[in-house]
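Protein chains: 2
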Amino acid sequence: MISVEAALEIILSEIKTLGMERVDILSALGRVLGEDIAAAADNPPWDNSAMDGYAVRTADIKEASKEKPVILQIIEDLPAGYTAKKSVKKGEAIRIMTGAPMPMGADAVVMVEETEKAEVKGLPSNASIEGQESGVKIFKEAKTGDNIRRAGEDFKNGDIVLTKGATIRPAEIGMLAAIGKPNVYVHQRPKIAVLATGDELVEIEETPANGKIINSNSYAISAQIKACGAIPVQLGIARDNKKDLEKKLEFGLTADCIVSSGGVSVGDFDFVKDVLKGMGSEMRFWKVAMKPGKPLAFGVIANKPAFGLPGNPISSMVAFEQFVRPAILKMTGKKDIFKRAFEALLTKPIKKKSGRMHFVRAAIEQKNGQFYATPLEGQGSGMLRSMVKADCLIILPENIQDIEKDCKVKVQPLGEGLLYQDKPGY
Amino acid sequence: MISVEAALEIILSEIKTLGMERVDILSALGRVLGEDIAAAADNPPWDNSAMDGYAVRTADIKEASKEKPVILQIIEDLPAGYTAKKSVKKGEAIRIMTGAPMPMGADAVVMVEETEKAEVKGLPSNASIEGQESGVKIFKEAKTGDNIRRAGEDFKNGDIVLTKGATIRPAEIGMLAAIGKPNVYVHQRPKIAVLATGDELVEIEETPANGKIINSNSYAISAQIKACGAIPVQLGIARDNKKDLEKKLEFGLTADCIVSSGGVSVGDFDFVKDVLKGMGSEMRFWKVAMKPGKPLAFGVIANKPAFGLPGNPISSMVAFEQFVRPAILKMTGKKDIFKRAFEALLTKPIKKKSGRMHFVRAAIEQKNGQFYATPLEGQGSGMLRSMVKADCLIILPENIQDIEKDCKVKVQPLGEGLLYQDKPGY
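Those protein sequence lines, which keep their order, are chains A and B. Here the first sequence is numbered in the numbering used here, starting from 1 and rising by one per residue. Here the second sequence is numbered in the numbering used here, starting from 1 and rising by one per residue.
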């Protein structure tokens with residue numbers, strides 16, 4: 001029997017990150033970038049206006065104020081998407097929209113809220129906008145560069161704007177689009193084969209006869225695989241005989257990894273071990289000091305990592321969270337592969353013997369910024385109901401014994417209970 | 001200009017939860033359950049063994065110990081998936097695997113670790129397992145019920161095991177499979193139309209001429225929609241004219257909601273307002289007291305909620321996170337629609353004027369269970385690079401001014417930075 005930490009180390013030493021594929025950027029959401037991305041142009045590409053307002057020469061509006069506005073002549077109307085035809089000369093302004101390139105001659109933008117339209121009479125005819133003779137009152141002086149976004153102030157041509165290994169979120173997709181990359185290299189999604197073992201299992205569409213139960217683990221495990229961003233491949237049920245187990249395991253060898261459940265407890269040990277040896281596997285361990293989840297096997301079959309999860313549904317799910325999830329995330333190229341544990345106060349004591357790390361299903365509540373964890377009734381490894389009610393797993397280290405109420409514990413989120421709430425978080 | 005909280009209230013009052021659809025349980029991952037689910041049988045369905053071991057009569061092994069073991073006769077070998085043919089009588093035991101139904105006559109299971117095989121000679125012939133005459137030494141006495149999982153101890157026939165409104169996680173999928181439900185009603189996934197507006201925009205595959213930029217907002221918004229579990233429908237770019245805007249908005253009316261970006265700043269205001277009025281829309285507000293994201297519009301066009309996000313990429317993404325995300329989550333049937341905010345200590349001061357809620361892009365670090373938030377350089381609403389570097393948004397309430405280093409602030413996670421780490425969380 002080895003510790004959870006030691007088991008994790010052995011497992012991760014055998015896991016390799018998968019190769020790359022080229023996908024469109026929207027399909028890349030949640031994937032890991034496989035290449036450094038350099039910008040092919042400055043951003044912004046040119047000096048442009050940060051505001052709707054007037055492009056002006058600061059020299060013209062020195063000491064302009066609400067009381068003593070400076071009147072400038074509007075010589076052009078410049079929407080975003082176009083470049084000015086004229087340049088701004090002494091006493092002139094160009095009406096400019098946010099994002100439009102700065103006209104020649106102007107060195108600042110005055111926002112529209114600090115101006116007012118004005119009639120200007122007797123202007124030279126070349127200074128007016130077609131169909132209207134108009135001017136603008138400027139109520140405030142400006143400094144050179146005011147309300148101008150400078151070319152390249154975000155990034156410059158050639159800058160590495162995204163680095164290999166980054167997880168692609170909406171922000172990264174926005175960046176890729178902005179620099180004109182419709183496709184990108186990401187690490188492949190792992191294909192994980194899921195096998196249930198046991199003569200006691202029937203498929204979900206069957207009515208279990210006496211002594212039989214439905215194979216639910218394959219569904220729970222497949223869902224956990226999907227939740228990691230990988231692709232579950234269901235191999236169905238292997239019966240408790242050498243031939244069927246060999247056949248189904250072989251199906252799994254075209255996947256990137258095999259996850260089975262059942263068949264690793266004391267009773268089945270020898271038979272499964274025989275099959276695995278026959279397939280040239282190296283088993284690394286068979287038991288981990290944890291509860292639930294002790295009868296957990298890990299090995300390598302024909303170069304594919306293989307997890308033998310326990311048959312009890314909760315043991316299987318908890319062991320998946322601790323070992324298979326980080327392994328899958330490593331395959332996808334992620335660096336941060338471990339769920340962050342949060343601190344919570346225990347609302348009830350928990351009985352525990354030293355010697356195994358415990359994972360206790362618990363409900364979580366937040367009061368005044370503090371999490372409180374309440375262990376749920378029914379912690380048996382076959383008890384589905386408490387798993388459904390659980391927001392988190394309380395982690396109790398191997399060498400700890402009974403724990404009192406109000407003690408600080410670490411909790412590992414399950415689902416979204418720690419991440420979402422029913423009121424705004426402001 | 002209204003507050004963020006007031007804007008949220010107006011928006012959510014217009015958002016309706018979508019109808020149901022029936023999907024296979026694996027496809028239901030992340031969706032919201034649309035029906036209460038009752039169990040059609042007890043779980044476990046019958047008393048069964050929680051261990052690999054021997055089903056015994058406790059009366060037979062009173063005072064059994066390592067020194068004075070009691071020897072019982074093994075009359076049958078019972079794997080999981082089968083029922084015992086014999087019943088256990090005085091002096092007898094049945095070898096039993098985890099999960100196998102308890103044989104008649106036995107009232108406890110002794111785990112295999114507390115036994116040892118023994119040769120038993122001179123047994124009556126009906127008491128032996130085919131081909132072997134054998135017995136077992138029992139080293140420990142047992143209480144009635146030891147290592148037996150009782151029928152119905154998890155839940156009983158007719159119990160509501162999952163309630164309407166629950167988000168379906170792997171645990172819920174395991175439960176549904178266990179009770180034989182291959183399909184289930186969930187709320188439909190919202191279809192969200194995405195429209196970019198502006199003559200300055202070109203599509204991603206085009207090379208932007210002078211004054212033009214690539215439409216990146218549609219990609220970032222579509223990714224945000226996907227990250228909420230909804231389906232983005234890209235309507236492309238609407239040009240700055242009435243006809244094109246009307247046409248593209250009409251495409252959007254077969255979706256559940258419309259999200260546009262651009263076209264709501266001061267300059268475009270009148271023109272867009274005209275089109276919307278022409279389509280029978282009711283606009284609820286045009287400005288929200290936040291930074292970035294002030295020019296934000298919300299209304300209802302032909303019964304469909306419509307968001308007019310600002311054109312600046314960061315303003316658009318931040319406004320989506322605050323308003324569109326909760327709206328989409330409400331459509332999907334979720335109750336917890338707001339991201340939980342976490343507390344962090346500020347590592348640098350932030351300048352702020354009163355009057356708007358600020359959302360400041362920041363990097364997060366955890367030391368000794370405490371989060372530290374560092375505001376990033378380049379907070380301009382067009383600065384993509386700081387958005388890519390950000391793990392979270394620091395939330396600074398409307399009425400707060402300059403904030404000192406070491407102050408406690410609330411942060412809203414972006415992506416997985418607060419949820420995953422590179423070392424195990426034990």
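Think of the hints as simulated: they come from the structure by calculation, not from any bench. Check the hints yourself; a few may be wrong.
Treat identical chains as interchangeable: a pair holds within one or across any two.
[Said to hold, decoys possible] Derived lysine-lysine pairs resembling DSSO-like cross-links, with alpha carbons at most 30 Å apart:
no.: 1; residue 1: K143; residue 2: K353
no.: 2; residue 1: K143; residue 2: K164
no.: 3; residue 1: K143; residue 2: K367
no.: 4; residue 1: K389; residue 2: K117
no.: 5; residue 1: K304; residue 2: K352
no.: 6; residue 1: K294; residue 2: K137
no.: 7; residue 1: K181; residue 2: K352
no.: 8; residue 1: K348; residue 2: K191
no.: 9; residue 1: K351; residue 2: K273
no.: 10; residue 1: K353; residue 2: K389
no.: 11; residue 1: K423; residue 2: K304
no.: 12; residue 1: K367; residue 2: K423
no.: 13; residue 1: K294; residue 2: K304
no.: 14; residue 1: K191; residue 2: K291
no.: 15; residue 1: K62; residue 2: K389
no.: 16; residue 1: K86; residue 2: K117
no.: 17; residue 1: K389; residue 2: K410
no.: 18; residue 1: K330; residue 2: K143
no.: 19; residue 1: K304; residue 2: K405
no.: 20; residue 1: K367; residue 2: K352
no.: 21; residue 1: K117; residue 2: K304
no.: 22; residue 1: K353; residue 2: K330
no.: 23; residue 1: K156; residue 2: K423
no.: 24; residue 1: K335; residue 2: K273
Checking an output row: K117 and K304, CA cutoff 30 Å. Within, between, both or neither?
neither (73 Å within a copy, 37 Å between copies)
Checking an output row: K389 and K410, CA cutoff 30 Å. Within, between, both or neither?
both (18 Å within a copy, 28 Å between copies)
Can you give me the call for K294 and K304, within, between, both or neither, at a CA distance of at most 30 Å?
Close inside one copy (22 Å), not across copies (53 Å); limit 30 Å.
Since the copies are identical, ignore which copy is meant and state whether K156 and K423 lie within 30 Å (CA to CA) inside a copy, between copies, both or neither.
Classified as neither; 41 Å inside a copy, 35 Å across copies.
At 30 Å max between alpha carbons, let me know whether K304 reaches K352 within a copy, between copies, both or neither.
Classified as neither: same-chain Cα gap 36 Å, cross-chain 55 Å, threshold 30 Å.
Evaluate K181 and K352 at a C-alpha cut-off of 30 Å and name the case that applies: within, between, both or neither.
neither (55 Å within a copy, 36 Å between copies)
Within a copy, between copies, both or neither: where do K367 and K423 come within 30 Å Cα-Cα?
both (13 Å within a copy, 28 Å between copies)
Treating 30 Å as the Cα threshold, decide for K348 and K191: within, between, both or neither.
Neither: 41 Å inside a copy, 44 Å across copies.
Identical-chain pair category, K304 with K405, by Cα at 30 Å
Answer is neither; intra-copy 44 Å and inter-copy 50 Å both fail.
Between K86 and K117, at a C-alpha cutoff of 30 Å, which is it: within one copy, between copies, both, or neither?
within (20 Å within a copy, 101 Å between copies)
At 30 Å max between alpha carbons, let me know whether K335 reaches K273 within a copy, between copies, both or neither.
neither (33 Å within a copy, 47 Å between copies)
Within, between, both or neither, where K330 and K143 count as close if Cα-Cα is 30 Å or less
Neither. Shortest intra-copy (52 Å) and inter-copy (47 Å) distances fail the 30 Å Cα cut-off.
Hint check: violations occur at hints 2, 3, 4, 5, 7, 8, 9, 15, 18, 19, 21, 22, 23 and 24; the rest are consistent with the structure.
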